[in-house]
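With the hints as a guide, bring both chains together as one complex.
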Amino acid sequence: GAVVSQHPSRVICKSGTSVKIECRSLDFQATTMFWYRQFPKQSLMLMATSNEGSKATYEQGVEKDKFLINHASLTLSTLTVTSAHPEDSSFYICSARDPKSYEQYFGPGTRLTVT
Amino acid sequence: GQQVMQIPQYQHVQEGEDFTTYCNSSTTLSNIQWYKQRPGGHPVFLIQLVKSGEVKKQKRLTFQFGEAKKNSSLHITATQTTDVGTYFCAEKRSGGYQKVTFGTGTKLQVIP
Numbered sequence: 001g002a003v004v005s006q007h008p009s010r011v012i013c014k015s016g017t018s019v020k021i022e023c024r025s026l027d028f029q030a031t032t033m034f035w036y037r038q039f040p041k042q043s044l045m046l047m048a049t050s051n052e053g054s055k056a057t058y059e060q061g062v063e064k065d066k067f068l069i070n071h072a073s074l075t076l077s078t079l080t081v082t083s084a085h086p087e088d089s090s091f092y093i094c095s096a097r098d099p100k101s102y103e104q105y106f107g108p109g110t111r112l113t114v115t
Numbered sequence: 001g002q003q004v005m006q007i008p009q010y011q012h013v014q015e016g017e018d019f020t021t022y023c024n025s026s027t028t029l030s031n032i033q034w035y036k037q038r039p040g041g042h043p044v045f046l047i048q049l050v051k052s053g054e055v056k057k058q059k060r061l062t063f064q065f066g067e068a069k070k071n072s073s074l075h076i077t078a079t080q081t082t083d084v085g086t087y088f089c090a091e092k093r094s095g096g097y098q099k100v101t102f103g104t105g106t107k108l109q110v111i112p
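Chains as they are written, first to last, in the numbering used here: chain A, 1 to 115; chain B, 1 to 112.
If you're looking for bench data, these hints aren't it; they were derived computationally from the structure. Using N, Cα and C, we set each Cβ at its ideal position, and we do this for glycine too. Incorrect hints may have been included.
What the hints assert, rightly or not - Listed below are several chain B residues computed to face chain A (Cβ distance under 8 angstroms; list not exhaustive):
| no. | residue |
| --- | --- |
| 1 | 22 |
| 2 | 75 |
| 3 | 88 |
| 4 | 94 |
| 5 | 95 |
| 6 | 100 |
| 7 | 102 |
| 8 | 103 |
To be verified - Simulated restraints on C-beta separations:
| no. | chain 1 | residue 1 | chain 2 | residue 2 | range |
| --- | --- | --- | --- | --- | --- |
| 9 | B | 3 | A | 103 | 36 to 44 angstroms |
| 10 | A | 108 | B | 24 | 39 to 47 angstroms |
| 11 | A | 14 | B | 95 | 25 to 33 angstroms |
| 12 | A | 86 | B | 38 | 43 to 51 angstroms |
Pulled out of the complex, with its shape left as it was, chain B reads as follows (with noise of 0.2 angstroms):
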């Protein structure tokens, strides 16, 4: 099945500085979800958003829902050592099981 693509794939950063991960879709998304993992860790659920043009924040964290509901972002300001991992963005499917289908991550690394 058609796998959503997120931008970049690996993201090295000085800790401090910012970080932006893009989530992207051809087809409109029911929702949008995003996890991290650490390396080594299981998905870790941080948030959903479900309507257009969605706005949340998480601390350090905003979530962004694009207005045609095919993207997504998520960036971190003045990142930490401690946000090192894969993040994910993922669609639950509506309907039926409700499957969750992950993106293709962003890896985060974040140099002291």
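With the rest of the complex left out, here is chain A (with noise of 0.2 angstroms):
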């Protein structure tokens, strides 16, 4: 199956520094490109949909200021969480749309620390 990755898997800093996570499809090119949230106990929440050469849609609630999405490439995207408060501290993961059959792959998602 398509393989999706993200870097880092861990991150821990510190309250008020800027944190960048990728997403990475291996094997296709994804237009579109999902960021998720998921506290610990709780479910995935959707945050945006990135979108290769546009700006993200972001879900209602999340600031967009906050959560710095860009989708460079057809094979890259980018979430910064900046200005990172303890209360950001999540599991981050992204999914990628493959165009041609239309599914979703998960990536191993990245855990945020922030202290």
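Below you can see the structure in the form of structure tokens.
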């Protein structure tokens, strides 16, 4: 099956700093990628839809200025958590949609801890 | 937005017992997908059901989509320790970007 990678897998940062998370589709070109956040013992909540070459579409309640999304190429989307705070600590998961099959493939996730 | 509810939230079973999780929506679903997330891992796609009343099987797993397309169930026969994880139902929206919206999940613990 298709593979989606995320980097880093884990990151610890200090409050007030920014963190960039990368999501790559390794064997297909993804015009659309999705970013999810999962708090402990909770479900995945869609944060935003990342579109190659255009602005991301954010879900209601997600601050676009805090969670910057850049989908600069057909295989890479990045999520930057700006001025991170402890409440941003979470598991961030991306998925990429294969334009041929329309199936979504999930990345392994990035666990962010803000101290 | 409205989230699809799953029950139970947690389930502990003895190895060899059966397990069922139910997914309920107040609105008609376009389809239903099921995912499994192991502890510390990411969701892994299991199956998609589209038709009203559809039933699909994967070895010990049986998936069912309700006649009204508002509910679904996942049944595991004779659980094994490898079945441990959280099971999510989800809907892939039709049209647009085809966003996937996840249910609340059921965490399964299997006692050896």
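Status of each hint after checking the structure:
1. 22: violated, 15 angstroms
2. 75: Violated - the Cβ of residue 75 of chain B stays beyond 8 angstroms from chain A, reaching only about 21 angstroms at its closest.
3. 88: Holds - the Cβ of residue 88 of chain B comes within 8 angstroms of chain A, reaching about 6 angstroms at its closest.
4. 94: violated, 11 angstroms
5. 95: Where the cut-off is 8 angstroms and the nearest Cβ of chain A is about 12 angstroms from residue 95 of chain B, the hint is violated.
6. 100: holds, 6 angstroms
7. 102: Holds. Min distance 5 angstroms.
8. 103: Holds - the Cβ of residue 103 of chain B comes within 8 angstroms of chain A, reaching about 7 angstroms at its closest.
9. B:3 <-> A:103: 36 to 44 angstroms: Between residue 3 of chain B and residue 103 of chain A, where Cβ atoms are some 22 angstroms apart, the hint is violated.
10. A:108 <-> B:24: 39 to 47 angstroms: violated, 30 angstroms
11. A:14 <-> B:95: 25 to 33 angstroms: violated, 42 angstroms
12. A:86 <-> B:38: 43 to 51 angstroms: violated, 26 angstroms
Of the hints listed earlier, those the structure fails to meet are numbers 1, 2, 4, 5, 9, 10, 11 and 12, in rising order.
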